[in-house]
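Line order of the protein sequences matches chains A, B and C.
Quick note: the first sequence uses this note's numbering, first residue 1, plus one each step.
Quick note: the second sequence uses this note's numbering, first residue 138, plus one each step.
Quick note: the third sequence uses this note's numbering, first residue 386, plus one each step.
A couple of the hints might just be wrong.
What follows is a set of in silico ranges between Cβ atoms, one per label pair, in the way DEER data are often shown [claimed, not checked]: (1) B/Ser164 with A/Gln100: 44 to 54 Å; (2) A/Val4 with B/Asp170: 37 to 47 Å; (3) B/Cys199 with A/Pro26: 48 to 58 Å; (4) A/Lys16 with B/Gly269: 51 to 61 Å; (5) B/Ser285 with A/Leu121: 26 to 36 Å; (6) B/Asp220 with A/Lys16: 21 to 31 Å; (7) A/Arg70 with B/Arg159: 52 to 62 Å.
Keep in mind that the hints were calculated from the coordinates and are not lab data.
Beta carbons: idealized from backbone N, C-alpha and C, even for Gly.
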Amino acid sequence: MTTVPRRDRPGFYYPKPPATWWLRRPNYVLFMLRELSSVFIAIFLVLLLVQIHQLSQGPAAYAAFVERLRSPGWIAFHVVALAFALYHSITWFNLTAVVQVVRLGERQVPPRLVAAANFLLWGVVSLVILFFFLLGG
Amino acid sequence: MSEETITLEVTRYRPGHDREPRAQTFSVPYRKDWVVLDALNHIKDRTDGTLSYRWSCRMGVCGSCGMMVNGVPKLTCAAFLRDYHPGPIRVEPLANFPVVRDLVISLDDFMEKLRRVKPWIIREVEKPVAEGEYLQTPAQLDLYKQFSMCINCMLCYAACPVYGLDPVFIGPAAIALGYRYNLDSRDEGYRIRQPILTEAVGVWDCTFVGECSVVCPKGVDPAAAIQRSKVAGAKEWFMSMLLPWGGR
Amino acid sequence: MSTRKTSEPFWWGLFSVGGVVAAFLVPVHLFLHGLAVPLGWIPVSPARIQALVGHPLIKLYLFVLIALPLYHWAHRFRFILEDVGLHALRAPIAVLSYGSAVVGTVLTLWVLLR
Numbered sequence: 001m002t003t004v005p006r007r008d009r010p011g012f013y014y015p016k017p018p019a020t021w022w023l024r025r026p027n028y029v030l031f032m033l034r035e036l037s038s039v040f041i042a043i044f045l046v047l048l049l050v051q052i053h054q055l056s057q058g059p060a061a062y063a064a065f066v067e068r069l070r071s072p073g074w075i076a077f078h079v080v081a082l083a084f085a086l087y088h089s090i091t092w093f094n095l096t097a098v099v100q101v102v103r104l105g106e107r108q109v110p111p112r113l114v115a116a117a118n119f120l121l122w123g124v125v126s127l128v129i130l131f132f133f134l135l136g137g
Numbered sequence: 138m139s140e141e142t143i144t145l146e147v148t149r150y151r152p153g154h155d156r157e158p159r160a161q162t163f164s165v166p167y168r169k170d171w172v173v174l175d176a177l178n179h180i181k182d183r184t185d186g187t188l189s190y191r192w193s194c195r196m197g198v199c200g201s202c203g204m205m206v207n208g209v210p211k212l213t214c215a216a217f218l219r220d221y222h223p224g225p226i227r228v229e230p231l232a233n234f235p236v237v238r239d240l241v242i243s244l245d246d247f248m249e250k251l252r253r254v255k256p257w258i259i260r261e262v263e264k265p266v267a268e269g270e271y272l273q274t275p276a277q278l279d280l281y282k283q284f285s286m287c288i289n290c291m292l293c294y295a296a297c298p299v300y301g302l303d304p305v306f307i308g309p310a311a312i313a314l315g316y317r318y319n320l321d322s323r324d325e326g327y328r329i330r331q332p333i334l335t336e337a338v339g340v341w342d343c344t345f346v347g348e349c350s351v352v353c354p355k356g357v358d359p360a361a362a363i364q365r366s367k368v369a370g371a372k373e374w375f376m377s378m379l380l381p382w383g384g385r
Numbered sequence: 386m387s388t389r390k391t392s393e394p395f396w397w398g399l400f401s402v403g404g405v406v407a408a409f410l411v412p413v414h415l416f417l418h419g420l421a422v423p424l425g426w427i428p429v430s431p432a433r434i435q436a437l438v439g440h441p442l443i444k445l446y447l448f449v450l451i452a453l454p455l456y457h458w459a460h461r462f463r464f465i466l467e468d469v470g471l472h473a474l475r476a477p478i479a480v481l482s483y484g485s486a487v488v489g490t491v492l493t494l495w496v497l498l499r
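This is chain A alone, in the form it adopts within the complex (with noise of 0.2 Å):
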């Protein structure tokens, strides 16, 4: 059963955040640029879904969408994009360290470590891909 909590109480004030409220303390910013790298993973991932589109109509499509991903516009888009799917991979790892618990025997592995793990992870998945790329592509 759910109470909804009373806010008619005479004579009490009821404060309301306005909103703002995420400007006003560091962190609380810094949580709002990790909900907002995800409008970025999105357009970017939008992207690829079109550029595969291209690559189905044909070589001079695809080289067409290739050319236009050039301009400075979108180049500047794809730098700023990195920077924040960097930051979500940072975060996530981080975060999800603290939420899962790993158990060694009866003992708690430190989340630091869980994090370590996580990172080192990411790197070889990258490199992989990279390299996969590199050679198929």
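Guided by the hints, dock chains B and C onto chain A, whose structure is given.
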């Protein structure tokens, strides 16, 4: 030479008189070993006896002197004036709660939420006292120990923007305490408590800002408790979809 | 005492899985397709890429890479909008956000399986 002083900007609110809180400035002696609570006591004793605020133990155990100090939720008995020198120091009631008077906030909503998660040991069958205590190994204790350090000071609610935006959210301390009893080897109330934690107004509104864990004066990590409850809740949800006959 | 059945765990589960996929895979792909290929740091031949994309396992991989993080976006975008003061519109915002991710999933399938 006169004694050095420091300025406190204290929120005043008189129910029935004021439409909204306003700040009142007080000058108090600056002493290196004084905390903000000492300064408030000085004001009440010497300057203005009408100033209202809660406090009791002065040693970070009772959890009743939480206020916003320069915009950050703090136990005022542990917030030293020297850390805010030369001031001024802004002292406001805990954010996100209804203000009753001056620095006093209403506990009603928090108390209701605390009760809702049933933060006590639930047994299917209580064993008779004659059979002795429920034994627990140090490893079983370690599982939940940090979450049992909560003193219900509500600093985490004041730090939680989700609770501020919509107080229907059950909030950090209540979830952490529910989680604490779920982890306790002596407890058998998981089936009763977990649905309360994972209902719509439970853990799902949390966006993992993480500030609840930052401001906790007792080193509790409510943010971790909430995310772990989400993981358990999501697993159970998907299991119940895959195995609807499993009776989960 | 019964509690209201909610679909939140389902969307949160997809958000989580999408977040993991985005954390592990997106940065290197962003570097490759957003910077390295357009700027000519890596020579690519469209024919070979097309052959690569035609492989069923690569299609499956691309589906995971593109579709799952869309749910990650939808979940976070929903709460960003709520956080900046649109709390009163939370129900339509949730429908639009998750709905967009579902539409994105269908489009991804369409592009990959055509």
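Against the structure, the hints come out as follows:
At roughly 51 Å, the beta-carbon separation of B/Ser164 and A/Gln100 lies within the given 44 to 54 Å, and the hint holds. Distance hint check for A/Val4 and B/Asp170: the Cβ-Cβ separation is about 45 Å, which falls inside the suggested range of 37 to 47 Å. A C-beta distance of roughly 30 Å is found between B/Cys199 and A/Pro26, which places it outside the suggested range of 48 to 58 Å. A/Lys16 and B/Gly269 have their C-beta atoms about 53 Å apart, which keeps the hinted 51 to 61 Å range intact.
Between B/Ser285 and A/Leu121 the CB atoms are about 34 Å apart, so this pair conforms to the stated range of 26 to 36 Å. Roughly 30 Å separates the CB atoms of B/Asp220 and A/Lys16, a value that falls within the hinted 21 to 31 Å. Checked against the hint of 52 to 62 Å, the C-beta distance between A/Arg70 and B/Arg159 comes to roughly 58 Å, which is consistent with it.
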